[in-house]
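So the sequence lines, in the order shown, correspond to chains A, B and C.
Read left to right, the first sequence gives residues 1 to 364 (the UniProt record's numbering).
Read left to right, the second sequence gives residues 1 to 364 (the UniProt record's numbering).
Read left to right, the third sequence gives residues 1 to 364 (the UniProt record's numbering).
Hints are computed from structural coordinates only; laboratory data are not their basis.
Check the hints yourself; a few may be wrong.
[Said to hold, decoys possible] Using C-beta positions, here's what the derived DEER-type ranges look like:
hint	chain 1	residue 1	chain 2	residue 2	range
1	C	Lys275	A	Lys188	36 to 44 Å
2	B	Asp153	C	Lys151	52 to 60 Å
3	A	Gly181	C	Asn48	21 to 29 Å
Built from N, CA and C at the ideal position, the CB exists for glycine as well.
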Amino acid sequence: MNRTAMRASQKDFENAMNQVKLLKKDPGNEVKLKLYSLYKQATEGPCNMPKPGVFDLINKAKWDAWNALGSLPKETARQNYVDLVSSLSSSLESSSQVEPGTDRKSTGYETLMVTSEDGITKIMLNRPTKKNALNVEMYHEIMHALKAASKDDSAITVLTGNGDYYSSGNDLTNFTDIPPGGVEEKAKNGAILLREFVGCFIDFPKPLIAVVNGPAVGISVTLLGLFDAVYASDRATFHTPFSHLGQSPEGCSSYTFPKIMSPAKATEMLVFGKKLTAGEACAQGLVTEVFPDSTFQKEVWTRLKAFAKLPPNAMRISKEIIRNREKEKLHAVNAEECSVLQGRWLSDECMNAVVNFLSRKSKL
Amino acid sequence: MNRTAMRASQKDFENAMNQVKLLKKDPGNEVKLKLYSLYKQATEGPCNMPKPGVFDLINKAKWDAWNALGSLPKETARQNYVDLVSSLSSSLESSSQVEPGTDRKSTGYETLMVTSEDGITKIMLNRPTKKNALNVEMYHEIMHALKAASKDDSAITVLTGNGDYYSSGNDLTNFTDIPPGGVEEKAKNGAILLREFVGCFIDFPKPLIAVVNGPAVGISVTLLGLFDAVYASDRATFHTPFSHLGQSPEGCSSYTFPKIMSPAKATEMLVFGKKLTAGEACAQGLVTEVFPDSTFQKEVWTRLKAFAKLPPNAMRISKEIIRNREKEKLHAVNAEECSVLQGRWLSDECMNAVVNFLSRKSKL
Amino acid sequence: MNRTAMRASQKDFENAMNQVKLLKKDPGNEVKLKLYSLYKQATEGPCNMPKPGVFDLINKAKWDAWNALGSLPKETARQNYVDLVSSLSSSLESSSQVEPGTDRKSTGYETLMVTSEDGITKIMLNRPTKKNALNVEMYHEIMHALKAASKDDSAITVLTGNGDYYSSGNDLTNFTDIPPGGVEEKAKNGAILLREFVGCFIDFPKPLIAVVNGPAVGISVTLLGLFDAVYASDRATFHTPFSHLGQSPEGCSSYTFPKIMSPAKATEMLVFGKKLTAGEACAQGLVTEVFPDSTFQKEVWTRLKAFAKLPPNAMRISKEIIRNREKEKLHAVNAEECSVLQGRWLSDECMNAVVNFLSRKSKL
């Protein structure tokens, strides 16, 4: 384009005006005001309109923008107009290379299906035959998908499960794959991975919504305390049998659950392993709303599509002001929980419980 | 009176004794003990009673007070008695100038009705034709009324609305009254006013109760997190459409709401703009109790009058011990919210949303 | 035993092997692995087994333990085996002196019944004719019983009441027993005792469960915010009439209650003295679950016995990770509440209220 030219010709200016009409995406009011003011300055010179009345907000904004250009020469204004349009076109082109239409499909994920449309990025756990148990690969892919979603142009992000389960939690066969460094190294690596994984949920910058389509266990339950909204089918259950497995709470649940549902209710879940129905989880504040399974997907997605149409910056900033205040604390809790859990994984109580679980499972 | 006399005569003393009988208001046990001890010292000299038994609390208190005067000369005791009564009478007189009987009416308020009786100061939003929307004047008058209520002799303070609405929130025509400094100055002044306004609710020293007679919107909802009790008619609804207006939460709600109702429920209100019924708001802990509209005023005021008869210092101190721990945090949250909102008010999202709202409204 | 011998004989070794079979208590997997590895090293020398596969967790653990002994001489391994068994036997003997069987009965308590069986230590308030009001002796005995329970081998600890009441709270006759130093000293001593008492609940290291068999008043209610679970009969009520008595909240309730049940609900209880039913207390999160009185004891103890069978270290550590984060804050709150209450006890409002209460009571 004409970025390097020192003076744009009248032809360049007209081309730029035509390009503006072809922009597929609204460049936003700030840019539009800038274009308006440069156009006026280039064609009429310094602002010559009477200042609009105080109630006339739109004309006041246009007047302000034009008037702010002062005595900028017409030629410079023309040049700036052409440059601005040029930068808009190229930035919109390059972003469309990343996003080929509305039905962008996930590629390269083994354990997830990731799609983005209607302003919503949907991350679906996709190991239905394993009840969407989280193996090491799925931990890594979820982190990758969250990082991508935080930068794409969706307004909200959704996590859900494919099949009957939301997720059966940490895949216990993770425990049997012992590296050369032995169980100590296994435990250490597990703690590092878990901490990084939970950290991605703490830091996620947009509204993050769980669509809990069925039973949820362990880490898939505790993480819900870090979501901004949780919609559940009445088929969903919420189960954190940490003590039964000789383990201790993670996902910041030792902090978020007592805050969400009072210590007396949180202890029953996290320490005594009580399984909650969707209705109970909703009454405790862990779930935002429960829907009958027959209409669950329809009702939830109708609602989510309406949310995704709200001003995205307002939503992002509103989440930020709520979350930022807690971020430092949440990261400290996460680090502490992972460190305690690392010790637990090496304890007799945990080893015995996992062995018993796996032998029961292999017999069935 | 005799305040300047160095020695009170027997006549002064007798006058003072008569004045005590005429006091319309109980001066409290501490003062009464003081009067008792000075009277005894003035008429009988140093304490000559045997010390009462440990179970005889009242006589023990009287004995302690008298005995504490030691060898104070009779004349000094008489003088002190006269001075004490004199100060009581004048303080009660001057306070009665402020409070002419039980039906003290607000004077000087344009947007409020303020009354004080039965130990309750009632601040009623009084722009029923505007659904009690808060314009700039009402912000200032509420602050003034709260400051007066914090110093008057009422035990509790109540905020309520006149007419069908509790309050429709911030009057959006506030946005159209642009000062000479332009929208930046407008936004800055708005943030300063809002911060000072919310600060008055954070610092209010007595039990503060909302009587929510009808729909509540925006700032009138978020402030409820700073009240000590919230009673609602079943006609009331609770709506905070901040994102819809390109704005972000205020009134400390980004901190109080997630604490009160769990983050998953708070986000649905504050970020996605869900409107709650009175029953829902009560289940979430935002409202203390809901009453049928037909009996609402009767039931609530019966209860409030009973509360107002409880020992006022105990109530004030109990509120203090709960609130003081949070005060510093709440002021920091308030400052942060106002600063973020100042930025929001200048954003395209907000300007477009407000313009759309006002044009829709002007068409209807 | 053979602790001082430098070389254990084959006879010592065989004796030790027999002793292991007689151990009444499982020494835990860690010790058993150690015994296994020393036995193998003593009888076969350095590890000569092929390394087991990654899925064969138990054999892998045994192999690791044996292999870790490297080239330790057979004699040293034999000696270490004998020493280890010797230390086990003596530690298990000494612990069995502390705990004579499952039906250990409380001895030396005047106001409590303390028993320990099925992994549960049960502390029962035992002044049924006084509605289990807490007199000074009971405060001291509860502290003693909690300290003993924190060190015994039970998995969980339960507090409950004998008779119709859970507890009617602080015994108001405590107020009438004035020491020679007068009411100031009385108030000071009361604040010191209360602070120490509440501190024991803050620091209790195992799951602590309240079995609320009937009405609960005052301190017996506020302390519930420090329990890990609260089960209540539907006969139970929850009443904190602090303002009515001119007093202010204790037991950390000024901090825990607003967190548990939202400020608007907490104020109604703590400042306005509203009495809650068991169902209301459960809806507010103060109570974990309510049971019909007819089946209360049966259902609750069935559940508690199941909890007591869960891995005790996992439960203790899970409680720890939840509680430790709050401990410093809770101790500060406790100190502040006791200091405020010390002032309240000396106030007219409190003295008058207590005198009125006791005179009404003496008339009835």
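Hints, one by one, checked against the model:
{"no.": "1", "hint": "C:Lys275 <-> A:Lys188: 36 to 44 Å", "in the structure": "violated (53 Å)"}
{"no.": "2", "hint": "B:Asp153 <-> C:Lys151: 52 to 60 Å", "in the structure": "holds (54 Å)"}
{"no.": "3", "hint": "A:Gly181 <-> C:Asn48: 21 to 29 Å", "in the structure": "holds (23 Å)"}
Hint 1 from the list above is the single one not met by this structure.
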